[in-house]
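So you can see what is in the structure, the chains are spelled out below.
There are 4 protein chains.
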Amino acid sequence: MAQGKATLLISCIDRPGIIACVSNHLFTLGCNIITSDQYSDDEDGHFFWRIHFESLRLPVGELAKEFDASIPSLMPWERLRWHLFDASRRDRIVIMASRLPHCLMDLLSRHRFGELDGEVVGVVSNHPDLEPLARPFEVPFKVIPVLKDRKPESETALLKHLNELRADTVVLARYMQVLSGDFLRAWNKPIINIHHSFLPAFAGQRPHKQAHDKGVKLIGATAHYVTEELDAGPIIAQATTPMTHRDTVADLARMGKDLEVTVLANAVRAHLRKEVLLHHNRTIVFS
Amino acid sequence: MAQGKATLLISCIDRPGIIACVSNHLFTLGCNIITSDQYSDDEDGHFFWRIHFESLRLPVGELAKEFDASIPSLMPWERLRWHLFDASRRDRIVIMASRLPHCLMDLLSRHRFGELDGEVVGVVSNHPDLEPLARPFEVPFKVIPVLKDRKPESETALLKHLNELRADTVVLARYMQVLSGDFLRAWNKPIINIHHSFLPAFAGQRPHKQAHDKGVKLIGATAHYVTEELDAGPIIAQATTPMTHRDTVADLARMGKDLEVTVLANAVRAHLRKEVLLHHNRTIVFS
Amino acid sequence: MAQGKATLLISCIDRPGIIACVSNHLFTLGCNIITSDQYSDDEDGHFFWRIHFESLRLPVGELAKEFDASIPSLMPWERLRWHLFDASRRDRIVIMASRLPHCLMDLLSRHRFGELDGEVVGVVSNHPDLEPLARPFEVPFKVIPVLKDRKPESETALLKHLNELRADTVVLARYMQVLSGDFLRAWNKPIINIHHSFLPAFAGQRPHKQAHDKGVKLIGATAHYVTEELDAGPIIAQATTPMTHRDTVADLARMGKDLEVTVLANAVRAHLRKEVLLHHNRTIVFS
Amino acid sequence: MAQGKATLLISCIDRPGIIACVSNHLFTLGCNIITSDQYSDDEDGHFFWRIHFESLRLPVGELAKEFDASIPSLMPWERLRWHLFDASRRDRIVIMASRLPHCLMDLLSRHRFGELDGEVVGVVSNHPDLEPLARPFEVPFKVIPVLKDRKPESETALLKHLNELRADTVVLARYMQVLSGDFLRAWNKPIINIHHSFLPAFAGQRPHKQAHDKGVKLIGATAHYVTEELDAGPIIAQATTPMTHRDTVADLARMGKDLEVTVLANAVRAHLRKEVLLHHNRTIVFS
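Protein chains in written order, with numbering that gives the first Met the number 0: chain A, 0 to 286; chain B, 0 to 286; chain C, 0 to 286; chain D, 0 to 286.
The set of hints was computed from the structure by calculation and includes no laboratory data.
Just to be clear, a hint being listed does not mean it is correct.
Any copy will do: because identical chains look the same in the list, a pair fits if it lies in one copy or spans two.
Calculated pairs, EDC-like style, for lysine to aspartate or glutamate (alpha carbon to alpha carbon, straight line, at most 20 angstroms) [claimed, not checked]:
{"#": "1", "residue 1": "Lys213", "residue 2": "Asp230"}
{"#": "2", "residue 1": "Lys273", "residue 2": "Asp36"}
{"#": "3", "residue 1": "Lys147", "residue 2": "Asp128"}
{"#": "4", "residue 1": "Lys150", "residue 2": "Glu114"}
{"#": "5", "residue 1": "Lys141", "residue 2": "Asp128"}
{"#": "6", "residue 1": "Lys208", "residue 2": "Asp43"}
{"#": "7", "residue 1": "Lys213", "residue 2": "Glu42"}
{"#": "8", "residue 1": "Lys208", "residue 2": "Asp246"}
{"#": "9", "residue 1": "Lys208", "residue 2": "Asp41"}
{"#": "10", "residue 1": "Lys150", "residue 2": "Glu118"}
{"#": "11", "residue 1": "Lys273", "residue 2": "Asp250"}
{"#": "12", "residue 1": "Lys4", "residue 2": "Glu53"}
{"#": "13", "residue 1": "Lys4", "residue 2": "Asp116"}
All chains, full assembly: derive it from the sequences and hints.
Right under this line is the structure:
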């Protein structure tokens, strides 16, 4: 009888014996590996490992204490970083959106039908428009307006709200305000954004207009972690779909929605399953 | 019994009656429309039309004279531009490549098996390496080396060679030298290039390295007309394929080849079929 | 000032002069062609044409009378069939779904945001489950249960309801009951279904299970018109997405939803815009 | 200093401790794991593992003897099967083709440019047509005609030839003859075929004609292992690309070539890298 499931993320400078050592330790502690994914970056010698396992003997909480005690001496490896996630402790998610409903509705729907390994604990918008559509999903909907010249006050209210909700992850589901560096540093937890272009092409304002004017033949969408530099954070997921000279900016908006919904959902899903690791300004996605 | 086939490209400021007028004129002259594609740009009011037809009564040469005589008075339309292409007069193509064989081999193979509406009259390379592979296709292979500090001499030789071959279109099938503005102005006919990224992202040198370092999740290829600004000419065709953190720059080079081959072939094919019209710095592709 | 917009669909055995004759007639009647798409089937000599235009002089209703009077003598062509659709007269759509919300929600959402050229006048389900989710969209939701051995009664009630709603088109948005031949003949108007496989592969029950057991590497979705033969009617739209050995039947259900939503929406959109013509058991889709 | 690289494939009924045991054993023997991929089939409890590693102490030949001696006692697991592949011992490949050059030329080109982990030791065709195109690649080209009513003699000659070449794997690169069950049983080594449809749809003769007549909106290609039942063996790779009503059977042949080339190359590459495992009539592809 399993005591619980957990995910272990490990990274360090690559060396012989890592897999033998860790898998042995897990076996000794009564853990059974369910899935294992690894990656070595040949350029800089880093090794990354994600192990999803069930603990047959110890509750995951006790296992964590055991790890804290044993890992430093057992694995005295260069640049070792590790993190154990208890699968029963689901991330608390806040979704932010402005006026376009497609990404918000899609995430709420996936949440309701059990597709996300996380708990949507709130929706925040700078407009009240989407509230009626969100209502059937029974998630608290909070309007925090962003007035010109009053952005710091809005961000203070937002930060307070996120903390009250004890949020772990924020998802910007077509939230059309740029979050300031001050806010990002104060919040200091993952924020996932969906941008409606194939980044790094067409960062910033009106990417569909930019794509139309450039005359590209594909429209894109990119989900990425938010960093201080606009639309430049580590990319988690991307997709494109064909467009032609016939497609107006309005057509691109319509066509882009299907892309955005899928790309954002895939990114959020991978993030919540702890399948995404950061490496330099890139992501390793084990899915 | 058809006297021949032809393609008519027309553009002008949109107005009522264009289709009635032209289709009537073609009917009167004994022409039967095979395919017809049109596009109106709502933003600037331009209308574009491609008509592929067979001439049942007149040889296409006589039809052209008839058009020259009648169109100015029959169609006194704002910004009217038209061009009649005799389908029996196939474009003469020169393919240029450096050391990578995939795009060159693919185009020669398509040519041999009758897929291109044009005649490959020569291959030019700055290296002799690809000559043995091209030999079975029985197309003249000319080496024009590009020595450091001697580029103008190379381009003079190239221009002379293209003129001797009476080339209509040049295809850069992974030709790794940048052609100068002087050369482009002197040549002044279409040049199609394949760039191994999703432009406008990763223009210039080593796009696969740029893509890898940025951590994008898709690799791209773009076929475009060459203009003086590097990798910025009108885009004809594009495609992408997924990549992951595991893919090294060498993997991207391998994976990218399939994209490049297909994208370049589609662009060349559309160009030769007179399906590509220019509009601002964009293309209209009727295919 | 335009009196209205309309779409004219024409098909006949191909012959010279069709385009000149029709475009001339439209011009004479004060109509300006906006888009024009044609197709000739070389195998059987059929010609198909879709013309979307604005009527500058006559209201579309009067234009229709004019057409009724003039076309038979003006176009005495073999197997001529034509239909004029008044763009101001939008199709009345009824969406049917069972327990899975994704396709229903997506269509209601597109309807609300003005993306469908039609009016959703009702939702019908054999279960009450989806009613709360549909409520914010303010479309009448009717539950018509289908009891074992009482299917004829259900279909009678359904037919009555559709007629009361004066529906033009029915969309089966993951409606899990098979409609009988008797019902289809009595209803005798278009029904669009979404099937979660790449038809003709995996018709019938549990296509994801079939795909998993066969070990294919792509999962598909197909939107088609319903005919008496199950999952064999004319195909309007299809798409696929990669799958691997890791994907369980439950994973395929999740992954398939994004495909189904997009494929069904594209098919419904093309149908409502009168871009879909039938030819043998195939479709011509002008989009 | 590495003594060599090798790939170990293991499958058995899943149980705790497999990874610890094997990775420990490899570590003890001085082996360093480079990549590791595993899969558990929850339905039937089977576990599959591919480990690519370098042997730092022992040459791979000695390592194999060590494995033969130790594994039975060390891993007395239910239904254990394992195979060690010495990476320096590359598969010997024979490519068979009929008259269409694209897949043959592509594989020869990839071989020449070092993309295949194998040695192309011969080409066999039932026609002489492709010999000139294959010549620059300097691989022996053998014509074995298949005369009506003399197929057994042809297959006897083929078998003899394959044995003389000491072939490990046969690739049917658009070879248009069906190999008999007698031949398959006598040969009894892997044969990879490319079929120009999305199997299981459109198995057998003229799949593009079948696709055209059915009116599907995607064209496909499937690479699979050959079994006695025609076009029904385990699928290794598949892809699709959009088609429309405009595409004739000839267009599909042209469009399909790009798909076939890529899908076959991906399948051959995965097979040669020992990334493909069989499970029931399905494949597990670790790539």
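Here is how each hint holds up against the structure:
no.: 1; hint: Lys213 / Asp230; in the structure: both (19 angstroms within a copy, 12 angstroms between copies)
no.: 2; hint: Lys273 / Asp36; in the structure: both (12 angstroms within a copy, 18 angstroms between copies)
no.: 3; hint: Lys147 / Asp128; in the structure: within (19 angstroms within a copy, 43 angstroms between copies)
no.: 4; hint: Lys150 / Glu114; in the structure: neither (34 angstroms within a copy, 33 angstroms between copies)
no.: 5; hint: Lys141 / Asp128; in the structure: within (11 angstroms within a copy, 27 angstroms between copies)
no.: 6; hint: Lys208 / Asp43; in the structure: between (39 angstroms within a copy, 15 angstroms between copies)
no.: 7; hint: Lys213 / Glu42; in the structure: between (35 angstroms within a copy, 15 angstroms between copies)
no.: 8; hint: Lys208 / Asp246; in the structure: within (11 angstroms within a copy, 32 angstroms between copies)
no.: 9; hint: Lys208 / Asp41; in the structure: between (40 angstroms within a copy, 14 angstroms between copies)
no.: 10; hint: Lys150 / Glu118; in the structure: neither (28 angstroms within a copy, 41 angstroms between copies)
no.: 11; hint: Lys273 / Asp250; in the structure: between (35 angstroms within a copy, 18 angstroms between copies)
no.: 12; hint: Lys4 / Glu53; in the structure: within (4 angstroms within a copy, 32 angstroms between copies)
no.: 13; hint: Lys4 / Asp116; in the structure: within (13 angstroms within a copy, 39 angstroms between copies)
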